[in-house]
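**Student:** Listed in order, the protein sequences are those of chains D and R.
The numbering used here puts the first sequence at residues 1 to 437.
The numbering used here puts the second sequence at residues 438 to 765.
Since the hints were derived computationally from the structure, they do not count as laboratory data.
Model, not experiment: these values are computed from the prediction.
Possibly wrong hints are sitting among the right ones.
[Said to hold, decoys possible] The calculated DMTMM-like cross-link candidates involving lysine to aspartate or glutamate, where the alpha carbons are at most 25 Å apart (straight line), are:
| # | chain 1 | residue 1 | chain 2 | residue 2 |
| --- | --- | --- | --- | --- |
| 1 | R | K692 | D | E9 |
| 2 | R | K734 | D | E289 |
| 3 | R | K512 | R | E440 |
| 4 | D | K252 | D | E329 |
| 5 | D | K146 | R | E722 |
[Said to hold, decoys possible] Computed footprint of chain D on chain R, listed as stretches where at least three residues anywhere in the stretch have a Cβ under 8 Å from a Cβ of chain D:
| # | region |
| --- | --- |
| 6 | 471 to 483 |
| 7 | 662 to 676 |
Cβ atoms here follow ideal geometry from the backbone N, Cα and C, with glycine treated the same way.
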Amino acid sequence: MAIPVVMPELGESIVEGTIVRWLKNEGEMVQEDEPIVEIMTDKVNTELPAPASGILKQILAPANATVRVGQDLAFIEPVGALSETAAAPPPIPETAGFYAPPESETAASPVPEVAPTPTEVPREQRTGVDGRRSGRGVFLSPVVQKIVREHNLSEQELLSIQGTGVGGRITRADVERYLAQRATAPKPVPAPAPQPAPTVAAPHEGEEIIPLVGMRKAIAEHLTRSYQTAVHVTTVIQVDVSRLVEFRERNKESFQQQYGVRLTYTPFFIKAAADALLEFPMLNASLVEDQIIVRHYVHMGVAVALGEKGEEGLIVPVIRDAHKKSLIELARELETIAQRARTKSISPAEVQGATFTLTNPGSYGALIGTPLINHPQTAILGTYAIVKMPVVIQDMIAIRPIMHLCLSYDHRLVDGMYAGRFLQRVKQAIEAFEFFR
Amino acid sequence: MREVTFLEAIRAALWEEMERDPNVFLIGEDIGRLGGAFGVTHGFLERFGADRVVDAPISETAIIGVAVGAAAMGKRPVAEMQFMDFISCGFDQVVNVAATYRYRSGGSVSLPMVIRGPSGGYVGGSLYHSQQFEAWFFHVPGLKVVQPAFPDDAYGLMKAAIRDNNPVLFFEHKYLYRRIKGLIPQSSDDFIVPLGEARIRRPGQHITVVTYGAMVHFALDAAHQLEAEGISLEVIDLRTIKPLDMETVYNSVRKTSKVLIVYEAPLTGGVGAEIAARIAEHLFEWLDAPIMRVAAKDSFVPFAEPLEKFVLPSVDDIVLAARQLARY
């Protein structure tokens with residue numbers, strides 16, 4: 001019996017993965033637990049181990065194929081089974097068995113033939129919403145089918161509904177929301193003109209075509225949703241980081257020796273932001289349908305760019321309960337988790353559940369910017385490059401290290417003054433250097 | 438109203454029924470002089486005498502057998518299993534004798550008897566003091582099976598069980614005995630909770646959680662946690678497991694279209710399997726997600742605390758399953 005290699009569940013919200021490349025070829029021998037294929041999902045890249053020792057008999061999902069969780073990627077023929085197959089008796093012919101008449105009698109048999117089982121209507125002929133699947137191949141649950149039937153929803157209407165379930169599944173709530181909107185709409189909304197099918201472009205000279213898959217696709221979809229959902233506003237504030245810079249310069253070596261962790265600026269910013277978020281919880285909230293989920297704990301997402309030039313995308317590992325952790329704990333956890341993100345050995349659980357995000361474009365010299373909110377969070381704080389600038393202090397011009405803090409927030413939940421006060425709080429914490437209270 | 442523990446509620450029901458009806462009597466191991474292993478019958482011997490509070494030898498077969506005979510002759514026995522785990526010793530008396538009596542006698546003899554005792558885990562009771570055996574009896578026609586979760590239900594259902602003319606198995610979750618407190622009516626109110634009626638302990642919108650026994654409290658904890666995430670659970674406490682009140686369950690499923698069934702016994706062949714089957718059979722067209730179950734692993738309850746936690750269902754298990762359903 002061939003053993004299937006199945007697309008594993010790599011995280012609770014992961015529904016599909018993309019094959020990056022096969023590490024073994026068809027016909028090659030594989031050992032149990034030996035990595036055989038590299039898979040890329042929305043959250044992580046991972047290598048999948050062979051479920052059994054044997055020969056990689058058949059690859060069903062080639063490189064770049066996107067496969068749903070639970071589907072077979074390949075088959076492995078166990079080594080023992082190979083000889084078994086060879087020694088196995090020939091398949092039993094359909095006419096064999098106690099009830100099959102001898103071949104010579106078949107033709108003249110007076111026994112009426114068994115009526116053939118009714119053949120199923122081929123799937124493509126089952127049109128529209130009455131069938132088990134719509135023309136687009138989307139799964140409709142029993143209750144959704146029932147509602148569709150009772151309300152005579154056309155296939156076009158059904159296709160216009162944005163599914164919010166797993167893999168874009170249309171849920172009962174989605175259909176009911178649609179029906180409620182339809183009932184209150186003054187007249188039927190004309191169906192959007194059919195989109196011309198996208199043509200697969202052939203690369204011109206000097207161009208290359210890269211399929212949008214895996215992490216890039218996830219980022220594209222996620223940021224589009226974020227941009228379309230949240231009402232983005234960005235507020236900027238200048239922070240004088242003299243004391244912070246001085247402290248770091250003075251202590252970075254002893255810190256490394258004493259705690260075994262490199263002292264960077266980021267843990268200070270995490271600490272300042274986490275403390276301030278407890279005072280300004282609306283920036284740590286989520287708007288879900290008509291409810292605001294306000295959190296009194298901080299799971300801090302920290303954006304980590306991947307690849308030397310950031311060409312491999314971006315991942316946001318999460319520091320849980322950041323509000324409870326000391327500066328040293330934060331520094332240590334940040335280093336571990338960022339390292340795991342860069343080496344792609346991070347687990348899906350470690351990139352889920354953030355309530356707020358910190359991004360540090362300052363690390364590549366950016367002076368100012370407008371970060372995009374990580375939906376369904378409400379705000380993201382960008383820490384920008386620390387640059388020496390002339391500033392006016394007590395009517396005198398001085399040279400000070402200055403950093404811009406840029407907070408993008410969802411204006412649906414948070415107004416300008418609230419965001420501004422939050423930034424003031426963070427600024428105050430950094431300038432007054434309140435970290436070792 | 439008076440505030441009592443779960444255990445005291447059961448004790449009050451037994452006491453008041455014995456005061457009300459001289460046919461009611463108790464039989465069990467150490468229930469008289471000792472007052473029961475958990476103290477449920479503390480003080481009963483002094484009040485009602487040794488004829489009505491019978492200390493039995495260590496033989497569940499004898500205890501149940503005596504109860505069957507007495508019930509057939511018109512008494513209303515309440516037999517205590519020191520731990521419900523040991524009802525297996527009297528299994529034949531329950532399923533072949535008590536359950537079939539009315540049928541065998543052509544309806545001329547009924548058996549108004551109760552078999553009650555502590556069941557369930559989460560107390561470090563190990564293998565033989567932690568099991569949930571309700572599914573065995575759930576399978577048998579002619580029996581009624583009850584497992585309350587709150588003092589008022591325990592009180593009202595015990596009274597109903599004693600007054601019922603059929604054999605009733607009454608599972609008392611020992612984890613709840615002294616942990617859970619609540620108000621029960623005064624004895625003069627003659628308060629009864631009818632057998633076979635579920636109760637919605639927490640109304641909700643998104644997912645129907647069907648459960649009973651200690652798991653009701655776990656489900657309520659999970660519902661409280663998930664509220665913060667915008668996921669609203671409707672928690673149904675079955676209270677009586679047999680006969681099942683499917684109408685209450687169906688009405689809720691018609692509203693939510695998503696079902697999570699939670700029970701403490703091992704997953705395979707549990708009460709939840711029957712509930713899932715009935716929903717699938719009768720309400721298929723109302724479902725918007727697969728019916729899910731959270732139950733114990735198909736194993737025994739280990740003594741070591743971390744292992745006990747691992748085998749038995751937890752609040753976290755319920756939260757995770759409900760999140761999965763909500764997202765589906």
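**Student:** Decide, hint by hint, whether the structure agrees.
**Tutor:** Hint by hint, here is what the structure shows:
The hinted pair formed by R:K692 and D:E9 fails the criterion: a straight-line CA distance of about 30 Å is larger than 25 Å. Using a Cα cut-off of 25 Å, the hinted pair R:K734 and D:E289 is violated, with the two alpha carbons roughly 36 Å apart. Between the alpha carbons of R:K512 and R:E440 the distance comes to roughly 31 Å, so the proposed pair goes past 25 Å and is violated. At most 25 Å may separate the alpha-carbon atoms for a hinted pair to count; D:K252 and D:E329 meet this at roughly 16 Å.
Of the pairs offered as hints, the one joining D:K146 and R:E722 holds, with about 6 Å between alpha carbons and a cut-off of 25 Å not exceeded. Coverage of the region 471 to 483 of chain R by chain D is violated in this model, with 0 residues showing a Cβ closer than 8 Å to a Cβ of that chain against a need of three. Counting residues of the region 662 to 676 of chain R whose CB lies closer than 8 Å to any CB of chain D gives 3, so the stated coverage by that chain holds, three being the minimum.
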